[in-house]
Amino acid sequence: MSTATLNVTTVKADFPLLGREVNGHPIVYLDSGATSQKPRQVLDALDRYYEEINANIHRGAYLIAEKATTAVEDSRAALARFVGASAAEEIVFTKNATESINLVAHSWGRTNLSEGDVILLTTLEHHANIVPWQQLAAERGVVIRWIPLDDDGRLDLTDLDQLLDGVRLVAVSAASNVLGTLPPVRRIADAAHAVGALCLVDASQWVPHYPTNVADWDCDFMVFTGHKMCGPTGIGLLWGRRHLLDAMPPFMGGGSMIQNVTFEGFTPADVPTRFEAGTQPIAQIVGLHAAVDYLNAIGMEAIRQHELDLTAYAIRTLTERFGDDLAIHGPHDLENRSGTLSLAYRDIHPHDLSQVLDQHGICVRAGHHCAKPLMKVLGVNATARASLYLYNDESDVDALADGLAAAGDFFAF
Amino acid sequence: MAGLEDLYREVILDHYRSPRNRGELETPPAMMAEGFNPLCGDEIQVYLLVEDGVIAEIRIGGQGCSISQSSASMMSAAVLGRTPDGAREVLRSFKEMMSIHEHGLDGEPISTDDQPGASGLGDLEALRGVVKFPVRIKCATLGWNTLDQVLDQTGT
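Those sequence lines, one after another, are chains A and B.
Numbering-wise, our numbering puts 25 at position 23 of the first sequence, and it's gapless, one number per residue.
Numbering-wise, our numbering puts 720 at position 110 of the second sequence, and it's gapless, one number per residue.
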């Protein structure tokens with residue numbers, strides 16, 4: 003892995019969309035928490051796949067079908083290495099992180115959980131890591147408990163031991179999509195294991211930004227999505243410990259996921275094929291491999307450092323320029339937060355704020371960010387969120403500050 | 611290019627700054643419906659008291675952006691004192707303006723254009739610019755859709 007620093011000018015030039023204008027201004031893309039932009043290398047890989055080796059996988063005995071199959075399995079191996087999995091078979095391709103969590107809830111959850119069992123979530127989870135468990139709770143009488151937040155937006159683990167009583171699964175985000183909080187995943191996984199529970203990590207907002215190693219976390223399941231890490235939409239991932247995946251029944255039935263089908267029934271295939279029913283998003287899997295290669299070539303450590311520096315610059319710039327008029331939700335100490343900045347500026351509603359910013363070509367997300375329970379805790383209906391990535395630089399932060407000032411002028415009353 | 615002034619007209623900002631009929635009513639005798647914009651998290655409550663066949667009181671609660679709040683404020687002023695059917699007519703005109711055509715069972719749009727003083731919307735015309743910002747149409751119609759629900763509850 004490269005340890006060189008990231009050259010943001012070179013990186014920015016790799017992303018064709020970042021060269022366009024919006025509303026007469028060069029685009030300032032600050033919504034990578036929703037989805038990242040895609041580098042030329044990934045777009046080219048998608049084109050090459052369709053132009054040169056497009057065929058269905060695990061079926062044909064002809065050359066391009068073999069090449070397509072190999073490309074998919076190469077991608078699986080690359081992703082396994084990227085997150086520190088011990089074997090490629092531990093990587094299951096899904097549609098997105100949401101489907102990955104649903105897979106675990108349906109397959110592992112419905113096999114292993116019954117009335118009165120407890121699932122422990124945190125207050126800062128995305129709906130994707132809440133609703134599948136609530137569905138399970140409604141169906142099976144499973145109980146959901148919540149780890150609260152402290153005043154700085156960090157997890158309050160004071161009562162963790164009591165909260166873990168009767169818990170079978172702890173499901174926690176590695177990085178909050180709203181506050182940027184980085185919960186202590188290893189500590190939570192250790193505490194879960196101490197009471198015989200499993201730990202699932204939603205790493206959707208982590209994997210694109212930091213070196214990832216599931217062995218360091220010592221978690222049991224980990225989910226993430228391709229489109230936030232420079233990959234295409236429509237491809238997500240589940241990593242699970244092999245012995246857990248081996249014991250889980252299929253989630254969806256259909257083609258590919260069987261060893262045998264008779265008039266009487268079916269025998270499921272081994273993992274990971276067991277969980278990959280139907281034709282997979284082959285081009286997207288290939289495109290995600292290109293994204294992993296792209297990120298590796300820059301180096302995840304260099305990306306982490308770049309975002310750390312830029313986040314420090316953003317917090318400093320916004321705080322100095324707007325003082326008490328602007329609040330940044332969540333932790334302010336850089337070791338506990340990512341480059342996801344949820345903002346409240348004066349009394350301007352986030353929707354109005356993002357409308358004015360859009361006039362300046364600045365893309366931020368306004369809304370509840372699929373985290374309505376967290377919004378309730380924060381006491382707001384919505385926030386405006388700027389989320390930084392490897393292609394952002396200080397000029398993007400300066401443009402945001404100028405845009406906020408313009409919004410302040412427009413709504414000055 | 612549609613500019614901000616197309617969206618944020620002065621009368622809209624005025625209603626946002628000084629919302630009319632803000633608050634709650636006791637239920638019963640009033641009815642209440644709650645509306646959500648699942649995209650942005652805006653929430654609105656519309657309280658309605660129908661007496662002697664007319665809307666005697668209306669109150670708006672909840673939180674939202676300038677467009678949803680001002681639209682609800684203007685809506686409250688526009689329907690106060692009308693009969694429920696009269697309020698539904700204003701609602702239909704407003705949603706037409708938002709280009710959300712309600713279709714009859716035969717698939718024909720119900721048009722109010724040929725009626726005298728067709729829109730009859732007054733200040734509400736200021737919200738016409740919202741259609742240039744498609745994402746914001748749901749903001750503008752939130753209060754109205756909630757009014758629709760509460761009107762249904764009154765059974766009138």
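These are computed hints drawn from the structure, not numbers from a lab.
Among the clues, some could well be false.
[As the list claims (entries may be wrong)] Calculated Cβ distances over 10 angstroms to all of chain B for the following chain A residues:
no.	residue
1	R22
2	E91
3	A193
4	M259
5	N298
6	R318
7	H370
[What the hints assert, rightly or not] The calculated lysine to aspartate or glutamate pairs, modelled on EDC-like cross-linking and capped at a C-alpha distance of 20 angstroms, are:
no.	chain 1	residue 1	chain 2	residue 2
8	B	K748	A	D360
9	B	K748	B	E735
10	A	K374	B	E735
All residues carry an ideal CB built from backbone N, CA and C; glycine is no exception.
The hints, checked one at a time:
1. R22: Label holds. Min Cβ-Cβ 15 angstroms, cutoff 10 angstroms.
2. E91: A/E91 clear of chain B: closest Cβ-Cβ about 38 angstroms, beyond 10 angstroms.
3. A193: holds, 32 angstroms
4. M259: holds, 33 angstroms
5. N298: Given a closest Cβ separation of 36 angstroms, the condition holds.
6. R318: holds, 29 angstroms
7. H370: Incorrect as stated: the minimum Cβ-Cβ distance to chain B is 4 angstroms, not above 10 angstroms.
8. B/K748 to A/D360: holds, 18 angstroms
9. B/K748 to B/E735: holds, 16 angstroms
10. A/K374 to B/E735: Since the Cα atoms of A/K374 and B/E735 sit roughly 33 angstroms apart, the hinted pair is violated (cutoff 20 angstroms).
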